[in-house]
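Participant: The listed protein sequences correspond, in order, to chains A and B. Going by UniProt numbering, 126 is the number at position 126 of the first sequence; the sequence numbering is gapless. Going by UniProt numbering, 24 is the number at position 24 of the second sequence; the sequence numbering is gapless.
In case anyone wonders, no lab produced these hints; they're calculated from the structure. Do not take every clue at face value.
You can't tell identical chains apart in this list, so a pair holds if it fits in one copy or across any two.
Unchecked claim - Straight line, CA to CA, 30 Å or less: simulated DSS-like cross-link-like pairs of lysine-lysine: (1) 119 to 6; (2) 304 to 342; (3) 6 to 16; (4) 334 to 304; (5) 119 to 51; (6) 16 to 179.
Protein chains: 2
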Amino acid sequence: MEAELKQMLIDLETLKRSLPDPSHHASIDQMRSRVEYLTTIANYGPTLRTKVKDMSAEVVDSNPYSRLMALQRMGIVENYERIRGFSVAIVGVGGVGSVAAEMLTRCGIGRLLLYDYDKVELANMNRLFFRPEQVGMTKTDAARQTLSDINPDVLIESYTLNITTVQGFETFMASLRSKTDPQSKDGSGVDLVLSCVDNYEARMVVNQACNELNQTWMESGVSEDAVSGHIQLLIPGETACFACAPPLVVASGVDERTLKREGVCAASLPTTMGVVAGLLVQNTLKYLLKFGLVSPYLGYNALKDYFPTMEMKPNPQCSNASCLERQKEFSLTKPARDAAAKAKMEAEALLATECPVHADNEWNISVVDDSELDKADVRISDVLPEGLVRELPSADTIHQLPVPEDNTNTVEDLEDLRRQLEALNG
Amino acid sequence: MEAELKQMLIDLETLKRSLPDPSHHASIDQMRSRVEYLTTIANYGPTLRTKVKDMSAEVVDSNPYSRLMALQRMGIVENYERIRGFSVAIVGVGGVGSVAAEMLTRCGIGRLLLYDYDKVELANMNRLFFRPEQVGMTKTDAARQTLSDINPDVLIESYTLNITTVQGFETFMASLRSKTDPQSKDGSGVDLVLSCVDNYEARMVVNQACNELNQTWMESGVSEDAVSGHIQLLIPGETACFACAPPLVVASGVDERTLKREGVCAASLPTTMGVVAGLLVQNTLKYLLKFGLVSPYLGYNALKDYFPTMEMKPNPQCSNASCLERQKEFSLTKPARDAAAKAKMEAEALLATECPVHADNEWNISVVDDSELDKADVRISDVLPEGLVRELPSADTIHQLPVPEDNTNTVEDLEDLRRQLEALNG
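The whole structure should be built from the sequences, with the hints applied where relevant.
Facilitator: So this is what it looks like as structure tokens:
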């Protein structure tokens, strides 16, 4: 609450400065004194933490960032503090989205945009994050309360709306476009969108928004039987969009509306949703802070602890017009990308011959030889993620490219796959 | 406070109407949502949930167990409510243990025993669960507070002690032996022990206790660079114990005490710890409620999203006397186990020829053909989990059995491996 009131003061001051007419200033001053009064009377609770100006690497018990800044010393992340400059939008604050929001908040993300229209119910208590005393609050309000108590350094914007309505979609688009830095150029004002919704329609809306804004996003999902899930990276023009290749769980022909019938509900588990949220945010951190490999698709089969991966190229006959535009742009910039990649490789090769990266090894850290692990990755050549195998016609009708160098599966002819799925569902 | 906030809303509306330029409206709308949010949280006092007598499958918003009981209808778990009869001990309530405890609490476990001697610090805030207002409390007290608010149906016992001290070990053993049902026979009073500690010494103590009590347990761990982790199932006499095959992260020769030096700390991430906790509790649920396959060992390499698995047989020359006793007992009961397994297989074969398990398919659920997935599991034949590959002498000095039918790796000659590790560390 303290953070909210403080932010109100800043907002009022900004608004005041942008208004030339002094007749408005009195009204704003009046509101400011109200906020100051509320700040005085509000009871903040015993020891809420205060804002921190810089992320310190100092190892003292009172430093909330010491274990994160240690990622630099351990050689995992080059500059952890960059995280404060990033904005992430989370669509859907349910079993996966709320945990993802908490993880990013504890990691000290700069700005978090939350979207949901649902209320907290006791029936949500079998998943992490929401608490019984929040029952009846909107999920966005409850999340904002918990998250700003955990880390007041994070700027949280919450939107209680349904993105699948016309009005909701407009606000959604406007909020994604709005920037913290007004000097920056066109396009999206966020660095990544995480889709944590539970239905096909909402996913298609996120897809539409991200294709229009040329916005990279990650999709996540958990099956109705609670024992499998997935995450997927979608880069407009570069990877398949959600309309290029509808997700396999949706393609299975189950009408998801049947799940909303009175007296009927899908199963869920805090474990599966926690794992999916963890994998989603881990890949978000890798993507934003540029370390490790970001998975293009990662499945989780909880019954067998099996984790399929694959890659999907965009569909040249995709039904989404914005996707086709992005594909065209992407192919036009290919020569420039190839040249940049070549130059980077050459520079790295040159650097490698000059000197070792770490001459001393104070922490006694050794690098594991990954060549053995790489060999093991040749495992998904003929496997599709959960939900697909039985639903589709036999695999030989799907044209398959030879396994590419990175050993992940690429489904190339998506139009063919799409026709088959439509025939199955029709 | 309510009146002040109400007046703020009116002031904002008046100001908005007096401003002709729509560019100011967004800023006012954002402030209005802030005030609405403050109004909501000002109105909510704590409304804690009451105890529930039976786990109902009724689908109403007020039923905290509806999404869990749905696991039965989905055909995943035969009898979910059995979970109320189980006791689980969690040793170490840190980044993994606290999240594991929350997951089990939300799943409605019967009894939870928690062990830790540490206090909550702001430096722990980069992991899930503990909140800034709990700083200074013992982790056991803070956890008990949060968990009993979330689910008052769970019986929580917390022990603020260090199991590596003589006194602490005695209390630890006594608490594991104590039973909710005084009529039950000798041995342990818990169904599973989860080790969520962060050091070698404490793991050896859990190992000792579980070997003595013939108690199945699961071990978990996260690396000091925060980007890998593992879980492991240990069944005394049947699988390798912790002394049979010391964990590979410990075997790497890093003196863990160096990590406790003043001004030095290991890195940690809420993502890695959340994933490890999720995998740990998922396998706990599979083990207790008998569904899916419980992984004997599952690694997590966050940089590559790689999940190695393997199996480890006990070491006939293990240095732990209780382990040798359990191995002897296990080999003595082999004929009886083989006969029981054979009888079960025959009974199942007979049943399968009689009728389909589900004649109708109201939920339109289809079973995925796993034969493709199984093929993909032939990936770990010559791979050891993270941390081992580089540290060990070349692989040909480790005697390797032919890959068994279930396609997971079995390291047989552990004594040989142990000697090599000791030579490396010596």
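Participant: Now, for every hint given, state plainly whether the structure supports it.
Facilitator: Going down the list of hints, with the structure as the test:
no. : hint       : verdict
1   : 119 to 6   : both (26 Å within a copy, 22 Å between copies)
2   : 304 to 342 : between (41 Å within a copy, 23 Å between copies)
3   : 6 to 16    : both (16 Å within a copy, 21 Å between copies)
4   : 334 to 304 : between (40 Å within a copy, 26 Å between copies)
5   : 119 to 51  : both (29 Å within a copy, 22 Å between copies)
6   : 16 to 179  : both (19 Å within a copy, 22 Å between copies)
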